[in-house]
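For the protein sequence lines, the chains are A and B, in the order given.
Using the numbering used here, the letters of the first sequence map in sequence onto residues 43 to 536.
Using the numbering used here, the letters of the second sequence map in sequence onto residues 43 to 536.
Think of the hints as simulated: they come from the structure by calculation, not from any bench.
Hints may be right or wrong, so weigh each one.
No copy labels: a pair is met if it fits in one copy or bridges any two.
What the hints assert, rightly or not - The list that follows gives simulated cross-link-like pairs (lysine-lysine, BS3-like), each with its CA atoms no further than 30 Å apart:
hint, residue 1, residue 2
1, K493, K320
2, K518, K147
3, K390, K495
4, K320, K348
5, K493, K248
6, K82, K147
7, K493, K74
8, K147, K390
9, K147, K248
10, K518, K248
11, K348, K139
12, K82, K300
13, K518, K348
2 protein chains.
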Amino acid sequence: MSALPVPATLAPDDTGHLYLRVSSQVAELIEKGSLRPGEKVPSVRRLSAQFQVSISTVVQAYRLLENRGLIEARPQSGYYVRPRRWTPPPEPELCLKEPSVADLKVGDLIMQVVRDYQAGSLVRLGATCATVGLHSPPALHRALASVARRSAQRGVEPDSLAGRAAFRAQVARHAVASGCALSPGEIIATSGATESVHLCLRAVCKPGDLIAIESPTFFGFLQLIESLGMRAVEIPTYPRDGVCLDALAFALEQQDIKACLFVLNFANPLGSCMPDDKKARLVQMLAEKNVPLIENDIYGSLFFGKARPRSAKSFDRHGNVLLCDSFNKILAPGYRVGWVAPGRFQSKVEYLKFITTDASASLAQLAIAEFLANGSYEHHLRRLRRIYAAGIASMSEAVAHFFPAGTRLTRPAGGQLLWVELPAEVDSLELYRRALQERIAIAPGPIFSAKQKCRNFIRLNCGNPWSESIEAAIRKLGCLSHDILAATRRTASN
Amino acid sequence: MSALPVPATLAPDDTGHLYLRVSSQVAELIEKGSLRPGEKVPSVRRLSAQFQVSISTVVQAYRLLENRGLIEARPQSGYYVRPRRWTPPPEPELCLKEPSVADLKVGDLIMQVVRDYQAGSLVRLGATCATVGLHSPPALHRALASVARRSAQRGVEPDSLAGRAAFRAQVARHAVASGCALSPGEIIATSGATESVHLCLRAVCKPGDLIAIESPTFFGFLQLIESLGMRAVEIPTYPRDGVCLDALAFALEQQDIKACLFVLNFANPLGSCMPDDKKARLVQMLAEKNVPLIENDIYGSLFFGKARPRSAKSFDRHGNVLLCDSFNKILAPGYRVGWVAPGRFQSKVEYLKFITTDASASLAQLAIAEFLANGSYEHHLRRLRRIYAAGIASMSEAVAHFFPAGTRLTRPAGGQLLWVELPAEVDSLELYRRALQERIAIAPGPIFSAKQKCRNFIRLNCGNPWSESIEAAIRKLGCLSHDILAATRRTASN
């Protein structure tokens, strides 16, 4: 809270009541947007020091603000700016009504978007890439420095193919939070979820095979499936509850599906989270059909509610679920450490790992194991969740405010992504190109679809702490959308 | 040289000539094997301090030993124990007389050998895995610690797909030694040569395609080619000069070969090194046929002669050579950093990298870049070459001494491997199994052949500093070979 924009002195006020002056000062900060919905307000102690008033005066001021509905107390944590009363837009509908098979032709669009994203001085609302200062906490680097110093003294043991014992033990302990009882021996270290999913796809399928995926889905899955000569069948997916099980059951009847590749907790780009009882039914259904489920759970720890949603793996009794996870997105970019628990495909995944990339980096694993062991990880996750929840609240409000009428918006209960449905006439590729000219990067809908549908959708990354430049970028995106909409309607009416 | 077994005081001698007493003491150490052929003898200064005699006495003693042919001076470096006068066995002949196409069925043998190797308390003469204390020098870990400390202070930049600029610049500088003029932009960081080769194979070929490989070749290449649904054509390869170009030309005429995958400098397991002019012809031939060459040059820096052999890439004028290299085997196990310079296939390799493992670990790259930049790498390589050259000399002598008559042996001019041809009656899988019971691990010939030929060959790793336990293991291997030979001959004569 060090950079909080509270004025150094109290403004003059003639009521004589100090607490009224304090509260009106804070109220003004909230109204001007210097303190955003979901953000923590300065602690009572801090404000009392800054304004040189008594603790009880600040307490009284905060009670008043609470009564006025501007802030809210959270137990053991302090006061937070209350989300403003605004009407959230309706949620998007299903992108796809029934399962659809696709021979993938992902083409150059995705790589063009990825390359565009590398350019300098962009407001980056597209990819979910790490933010300097937010990810990779100093304590992690200190753990690595200490591992490196020890290695300088004692040398390094040869790399172990499945990963370091200390790392696998910590991962197993950590997986308990998602309901999994994994032994360290069931876990294989990888360089991240991308490698994990790649290995799993090759372990369970061969070229020509059909893979069921969510619609929309992460573009990297489309690229992987295409590059391995496999085919995809897209399953309709609800923005809130995830994959439609009836549609999946129908697809399993009609098609020779060899595997499912799903993100069940805070999916990318939908943000959907499948309720745990529905996960249990999914796992049961796939076990009966003997169809393996490749589950990518990299966002599961980023829940905003009371408890972490379970992984599908936690319901698995037949080794039929291959659970993929990673520390790259939420803790340790620059380290490249992930893992996979491949169930009954363990030896196959281990073999493929051995021949395609060999062992994973020992020193990075040891540093992460140390960070997990000393409890720093939970602290780090709590901080991230707070920032992401605030980011999604602010972004939702800004989109509701600046985007054209008819815009729909997801309401994710975790993660860092918003999936925005623009009015049907707004072509998101056109919006993407115009935004890029304004140095704003977004992710256009078609990259998330096997057949490049979702033409009026965009994905927004809310993982960065809210800032004026982000607000300005959303305002600009709103203007551009209005422009495109108006132009399309003009053309249509001519 | 700190652990050198020189007695603390001079033995009594009644000649009265101090330098004679010094020289006979050192001669005895050489004859007893405490100082091995190729090893450096203590410096003049050190010996003079230890024996408390004058510098000129030691110089006189060393001149005498030099005259007797026991040691030799190397300019700017000091005195070394001269290789003993023993007759090296003849070199092996071609394993394969003409090109041979194979649908690979690598099967479980390789993985069994790999798993056996993980067991504890083995004398490890099989794999080329790293040795604690020999690889990963302390200065490298100190560089990593310093990178980690800086990251704790300043945060970490997002990973860059192709690798860190500092790393790619150092690799480009380093590649000059192999005759390559690469720009940093032509280099992509990977997790090692295994990943590099995997990406290259997928970039240039598709399932069903035919790849030309050396015979014998590294077993990992066989596994990769098989797993990608590709087929191999084995090309006869000379133990000294590498791939037979006539046989390759013939194969290129007869078969629709889509790529070559070769190790031209100190190949695994042959140790062959293709002369530079022959490399130029190879590159020319393949460019004319438009067949890409995937070159794995991970052993090229481990030359024993005056200069580093060139890479084939250095003769490439058409972007037709994809050069793969790695720091995992010779510098930094535990870091997992390699690279690839894929020529005209750059964007394809970059794409496959992106979708299969995404970016590589930034912090490890930065540490290696720092180690390369400050000149530590050259020092490290000189030390490794010295130890490997001595290891190969000692191992060759021991094999010549203990193995059955008729044994043949390669004479590599670099690297760390010996390829041993046993009398035809000795089944190397039988020898492998019996050796394992004695806690000795070797690599049996059949894992290096697409059709599991090379049944009377074994590969020995000479990368560890010579020791009594290694000498005892070679003696034991010799005994086992004699036993198997005798048993086979008995059976044959019955």
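Against the structure, the hints come out as follows:
{"no.": "1", "hint": "K493 x K320", "in the structure": "within (28 Å within a copy, 50 Å between copies)"}
{"no.": "2", "hint": "K518 x K147", "in the structure": "neither (32 Å within a copy, 59 Å between copies)"}
{"no.": "3", "hint": "K390 x K495", "in the structure": "between (35 Å within a copy, 25 Å between copies)"}
{"no.": "4", "hint": "K320 x K348", "in the structure": "within (19 Å within a copy, 69 Å between copies)"}
{"no.": "5", "hint": "K493 x K248", "in the structure": "both (22 Å within a copy, 24 Å between copies)"}
{"no.": "6", "hint": "K82 x K147", "in the structure": "neither (47 Å within a copy, 62 Å between copies)"}
{"no.": "7", "hint": "K493 x K74", "in the structure": "neither (44 Å within a copy, 76 Å between copies)"}
{"no.": "8", "hint": "K147 x K390", "in the structure": "both (28 Å within a copy, 15 Å between copies)"}
{"no.": "9", "hint": "K147 x K248", "in the structure": "both (18 Å within a copy, 17 Å between copies)"}
{"no.": "10", "hint": "K518 x K248", "in the structure": "neither (46 Å within a copy, 45 Å between copies)"}
{"no.": "11", "hint": "K348 x K139", "in the structure": "neither (32 Å within a copy, 70 Å between copies)"}
{"no.": "12", "hint": "K82 x K300", "in the structure": "neither (48 Å within a copy, 62 Å between copies)"}
{"no.": "13", "hint": "K518 x K348", "in the structure": "neither (35 Å within a copy, 65 Å between copies)"}
When held up to the earlier numbered hints, the structure conflicts with 2, 6, 7, 10, 11, 12, 13 and fits the remainder.
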